[in-house]
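Colleague: Next come the chains, spelled out residue by residue.
Number of protein chains: 2
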Amino acid sequence: MTDAKRKLANGKDFIDFQTDPSRYRHWRLSVTGEVATLAMDVDENAGLYEGYQLKLNSYDLGVDIELADALLRLRFEHPNVKVVLLRSAKDRVFCAGANIRMLAGSEHSHKVNFCKFTNETRNSMEDASEHSGQRFIAVVNGTAAGGGYELALATDRIIMIDDGSTAVSLPEVALLAVLPGTGGLTRVVDKRMVRRDHADVFCTIEEGIKGRRAVKWRLIDELVSPSKLENRVTLAASELAAKSGREGPSEGVKLKALDRKFRADGLDYGCVKVDIDAAQRIATITIRVPDAALPASADDMVKQGSQFWPLQSARELDDTILHLRNNAYEVGTIIFKTEGDPASALAFDQYLEAHRDHWFAHEIRHYWKRVLKRIDVTSRTLVALVEPGSCFVGTLAELAFAADRSYMLLGQMQGDNRPPAKLVLTRANFGAYPMSHGLTRLQSRFLAEQGKAAALEQNIDRALEAEQAEELGLVTFALDDIDWANEVRVFLEERTSFSPDALTGLEANLRFAGPETMESKIFARLTAWQNWIFQRPNAVGEEGALARYGTGRRPAYDMRRV
Amino acid sequence: MTDAKRKLANGKDFIDFQTDPSRYRHWRLSVTGEVATLAMDVDENAGLYEGYQLKLNSYDLGVDIELADALLRLRFEHPNVKVVLLRSAKDRVFCAGANIRMLAGSEHSHKVNFCKFTNETRNSMEDASEHSGQRFIAVVNGTAAGGGYELALATDRIIMIDDGSTAVSLPEVALLAVLPGTGGLTRVVDKRMVRRDHADVFCTIEEGIKGRRAVKWRLIDELVSPSKLENRVTLAASELAAKSGREGPSEGVKLKALDRKFRADGLDYGCVKVDIDAAQRIATITIRVPDAALPASADDMVKQGSQFWPLQSARELDDTILHLRNNAYEVGTIIFKTEGDPASALAFDQYLEAHRDHWFAHEIRHYWKRVLKRIDVTSRTLVALVEPGSCFVGTLAELAFAADRSYMLLGQMQGDNRPPAKLVLTRANFGAYPMSHGLTRLQSRFLAEQGKAAALEQNIDRALEAEQAEELGLVTFALDDIDWANEVRVFLEERTSFSPDALTGLEANLRFAGPETMESKIFARLTAWQNWIFQRPNAVGEEGALARYGTGRRPAYDMRRV
Numbered sequence: 382m383t384d385a386k387r388k389l390a391n392g393k394d395f396i397d398f399q400t401d402p403s404r405y406r407h408w409r410l411s412v413t414g415e416v417a418t419l420a421m422d423v424d425e426n427a428g429l430y431e432g433y434q435l436k437l438n439s440y441d442l443g444v445d446i447e448l449a450d451a452l453l454r455l456r457f458e459h460p461n462v463k464v465v466l467l468r469s470a471k472d473r474v475f476c477a478g479a480n481i482r483m484l485a486g487s488e489h490s491h492k493v494n495f496c497k498f499t500n501e502t503r504n505s506m507e508d509a510s511e512h513s514g515q516r517f518i519a520v521v522n523g524t525a526a527g528g529g530y531e532l533a534l535a536t537d538r539i540i541m542i543d544d545g546s547t548a549v550s551l552p553e554v555a556l557l558a559v560l561p562g563t564g565g566l567t568r569v570v571d572k573r574m575v576r577r578d579h580a581d582v583f584c585t586i587e588e589g590i591k592g593r594r595a596v597k598w599r600l601i602d603e604l605v606s607p608s609k610l611e612n613r614v615t616l617a618a619s620e621l622a623a624k625s626g627r628e629g630p631s632e633g634v635k636l637k638a639l640d641r642k643f644r645a646d647g648l649d650y651g652c653v654k655v656d657i658d659a660a661q662r663i664a665t666i667t668i669r670v671p672d673a674a675l676p677a678s679a680d681d682m683v684k685q686g687s688q689f690w691p692l693q694s695a696r697e698l699d700d701t702i703l704h705l706r707n708n709a710y711e712v713g714t715i716i717f718k719t720e721g722d723p724a725s726a727l728a729f730d731q732y733l734e735a736h737r738d739h740w741f742a743h744e745i746r747h748y749w750k751r752v753l754k755r756i757d758v759t760s761r762t763l764v765a766l767v768e769p770g771s772c773f774v775g776t777l778a779e780l781a782f783a784a785d786r787s788y789m790l791l792g793q794m795q796g797d798n799r800p801p802a803k804l805v806l807t808r809a810n811f812g813a814y815p816m817s818h819g820l821t822r823l824q825s826r827f828l829a830e831q832g833k834a835a836a837l838e839q840n841i842d843r844a845l846e847a848e849q850a851e852e853l854g855l856v857t858f859a860l861d862d863i864d865w866a867n868e869v870r871v872f873l874e875e876r877t878s879f880s881p882d883a884l885t886g887l888e889a890n891l892r893f894a895g896p897e898t899m900e901s902k903i904f905a906r907l908t909a910w911q912n913w914i915f916q917r918p919n920a921v922g923e924e925g926a927l928a929r930y931g932t933g934r935r936p937a938y939d940m941r942r943v
Numbered sequence: 382m383t384d385a386k387r388k389l390a391n392g393k394d395f396i397d398f399q400t401d402p403s404r405y406r407h408w409r410l411s412v413t414g415e416v417a418t419l420a421m422d423v424d425e426n427a428g429l430y431e432g433y434q435l436k437l438n439s440y441d442l443g444v445d446i447e448l449a450d451a452l453l454r455l456r457f458e459h460p461n462v463k464v465v466l467l468r469s470a471k472d473r474v475f476c477a478g479a480n481i482r483m484l485a486g487s488e489h490s491h492k493v494n495f496c497k498f499t500n501e502t503r504n505s506m507e508d509a510s511e512h513s514g515q516r517f518i519a520v521v522n523g524t525a526a527g528g529g530y531e532l533a534l535a536t537d538r539i540i541m542i543d544d545g546s547t548a549v550s551l552p553e554v555a556l557l558a559v560l561p562g563t564g565g566l567t568r569v570v571d572k573r574m575v576r577r578d579h580a581d582v583f584c585t586i587e588e589g590i591k592g593r594r595a596v597k598w599r600l601i602d603e604l605v606s607p608s609k610l611e612n613r614v615t616l617a618a619s620e621l622a623a624k625s626g627r628e629g630p631s632e633g634v635k636l637k638a639l640d641r642k643f644r645a646d647g648l649d650y651g652c653v654k655v656d657i658d659a660a661q662r663i664a665t666i667t668i669r670v671p672d673a674a675l676p677a678s679a680d681d682m683v684k685q686g687s688q689f690w691p692l693q694s695a696r697e698l699d700d701t702i703l704h705l706r707n708n709a710y711e712v713g714t715i716i717f718k719t720e721g722d723p724a725s726a727l728a729f730d731q732y733l734e735a736h737r738d739h740w741f742a743h744e745i746r747h748y749w750k751r752v753l754k755r756i757d758v759t760s761r762t763l764v765a766l767v768e769p770g771s772c773f774v775g776t777l778a779e780l781a782f783a784a785d786r787s788y789m790l791l792g793q794m795q796g797d798n799r800p801p802a803k804l805v806l807t808r809a810n811f812g813a814y815p816m817s818h819g820l821t822r823l824q825s826r827f828l829a830e831q832g833k834a835a836a837l838e839q840n841i842d843r844a845l846e847a848e849q850a851e852e853l854g855l856v857t858f859a860l861d862d863i864d865w866a867n868e869v870r871v872f873l874e875e876r877t878s879f880s881p882d883a884l885t886g887l888e889a890n891l892r893f894a895g896p897e898t899m900e901s902k903i904f905a906r907l908t909a910w911q912n913w914i915f916q917r918p919n920a921v922g923e924e925g926a927l928a929r930y931g932t933g934r935r936p937a938y939d940m941r942r943v
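Chains A and B are the protein sequences, given in the same order. First residue of the first sequence? That's 382 in the numbering used here, and the numbers climb one at a time after it. First residue of the second sequence? That's 382 in the numbering used here, and the numbers climb one at a time after it.
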């Protein structure tokens, strides 16, 4: 069953992460002054795949793609929105969570990547709250089960209707033999700090918890009678808006459709190019920095809008990563390359730094931060090749630090008169883009040498050639052109011969040296356990809970504890 | 293949965690003054199971059981030993790691529990170093591969012979399609703080890294020529001994054989009793506190030796947990009960607290800490039943805090004239027994209420009845005798009906609210990923790397990345 490949609905042949509100089937985004409402109204006949119906506001990846899009637009298109009400447009149901038929019929790889993306989307809500003063209120008007409650958990405040029947629940363990895998368990004990024994009770009661106990156990923040609900929500929105530091204009920047063209062996965006070598199972992502003149003013930057290179490149890179993750399982290695004039890239970084308090620059940098975090948890070997003509400067240099390995060419390549490659640190490498575990990539890289990451600030804006970059520990290997081709080829060939599963586990462990945070715990402890369970016959076997759900037959479990 | 149950060697029908140096087949423990030598000399014909030979100092669980025993004896029997040399008694090989044939032929459950135990054993080396001034030096005289290098990683200093061929390596990913799962990946980047890209290179080079690069990359501490090795080891031992705070007498406390009797439905120790209800899949562990008079003096405590109740109970409980984990997979739930006079238990705790600087009391408390940590990572539902006649006081109350849930009886049981149950906090609940993630169980329990754990100190040594214990959040439910039997029965029945895998994942996530440390990362991030990989066909399938290792046939991998 787990390998029964589902068909995408409507004859589609890949999962598209691009959408816009005019195409939403499941959400309605409306804005009134400082308050936006994201109303979930899942079209049960518009599932991403064939073979199931999205009843009761249950969701699949397609629903979450729209949510992620809406959240991104709230950041860029609605800089004045301080509060977002997350509501259901359906009666007596908030959200029934991930669709069980969808899960039951999905391949392991889809389940894992579905959970990863939904986790990232939930994190982006918390990121908006923490960094852009955009607070979220979940208005739970009826059942919030499983992923539905996990959605509420990602908000700042959970207001639940006191109608005698509405409950919040995480019924996965009892009903489906899997975990609430979209951050639920971690958020219950680490964010809402529900006492662990209460959490144990809550997560094993199919029907969930309602009423005063839900407040007392910290599962929700408020319980409000039906007649007072709307007034209370309005008041709560005002309270949160008053505390928000968000001070954007009423007009934001419209995120226009990406310029994206598919070809047989890859795809092309405006400044990102993806070349897929199917035989070697390698995707090469090349990011090009234009020579374009910088905006003359902040107004001009806003006028450039989604064509402003730092934003355009972030969107294109984000789409690339999601595309590869979900549509190209056969790709095992991602190579990052960059092209352009280092002076241009440096200028963009300096420009963003200088305008860091401008709402648009602020949002761009936080978006780059999230894109880089997405790369960190991408289960592909990541390699950076720093060659003549490349442009690993500041923000783009983070790609080299996110990579599992980087190679830099010493000097020039025979027959190529371009100057030797340079790597440049900018202020952006020292705090703008923390990883999910809270450290910058340089801090995590140089855990052994206290103060080294900070000392590197002396090199800000200096062009570092390969010897220096290697000496400073910024690249893994510096190779001359005699060794380059051979060493890189042997490495890539060897890498692609290893078990993809073992590499995934290896990389997930080595990339995050140092502390863990709630966010990183979700991708480590919770996700890894869920992935384990997603392979166990008790969940996904023919007699397992996912297959038997709704059939009237009880699952047959192997009762041995591992 | 993964379900091909192996036969234990020599007709044994369970894995015994009890041993003593006279029975060691794989290690030699010798002591000269302040320096002990633990020499690994694996008897290749003395594997725990039939069907493989432990060549080249490769190991299985049986080898690690002896190591764990030796480490415990070093704490108690050798209070004057300040430095332990971890060496190989074989020529040109330090340790080849976990035996691959053993892994290839093991059930998933055995692999998982084997890794868990070896991780705990490595942690106990670090615990000895940090808390008892017993420093470890690995003397790497030849190949230290996989688990062999992981063993070295658990020491304070790694000295490697510079013979031109000796290397350290973690070849698991390349050779076996699994992870170095005994803490290796985490220790490489979090303990030794090897740069992540260097770690990536190291962990994918089958032959490992030798010579100066091993030092430069922080994989080892020193490289010493063969002719100078012995002198250097002696000197390093003196250096570390000089810095140790350990000041025990030359005579320690002999750990006598446990008094343990198996019966059809459980087993009995001196003060611990285990009753297994096979139909319900529940093991009830009852710990009895004796009325025995306290030792009149510290000398008298030492004279009581391994019969001193706090030590005896820790050893018996430790053996119980290990026995259930490894020999009773069908048991899904562990119920903790206690028996005895709360005044006695309180007196023991106060006695240990008063003598906390005495080496023997110090070791006992740290041993209890490790036993409690072992319980925290035990993949069984843990329940505490606090009833009349029970004795959940201080150290024993930690069992209630380690439990996923606790039930306490309000008042008396009809027809039972014993006084109502009491729960008592002692000083020991406020720091003596931190969890692997660094917090006490009370701190982790009350994460939501800053200062609450500390405020509870006001209740030290006070007998708390059920209402108070519930009010203070120390038990999950307080029930009167009308509800008790029914509620507890329904809970246990329901619990045992759930998927064991989902419960394992649930509990592993809810038990560790708060920060993560290197130690907890090993049991979370690393272990969970390894468990995932241990189920993947690329590792354990018929064409997978474990099955094909040594056959001359290359494994056939499903190359899709999940």
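Keep in mind the hints are simulated off the structure, nothing from the lab. Do not rely on the hints blindly, as some may be mistaken.
Lysine to any residue pairs mimicking SDA-like chemistry, simulated, CA-CA at most 20 Å apart [said to hold, decoys possible]: (1) A/Lys572 / B/Gly895; (2) B/Lys597 / A/Gln849; (3) B/Lys572 / A/Leu820; (4) A/Lys597 / B/Glu851.
No experiment lies behind these values; they were computed from the predicted model shown.
Colleague: Could you tell me which of the hints above the structure violates, numbers in ascending order?
Modeller: none
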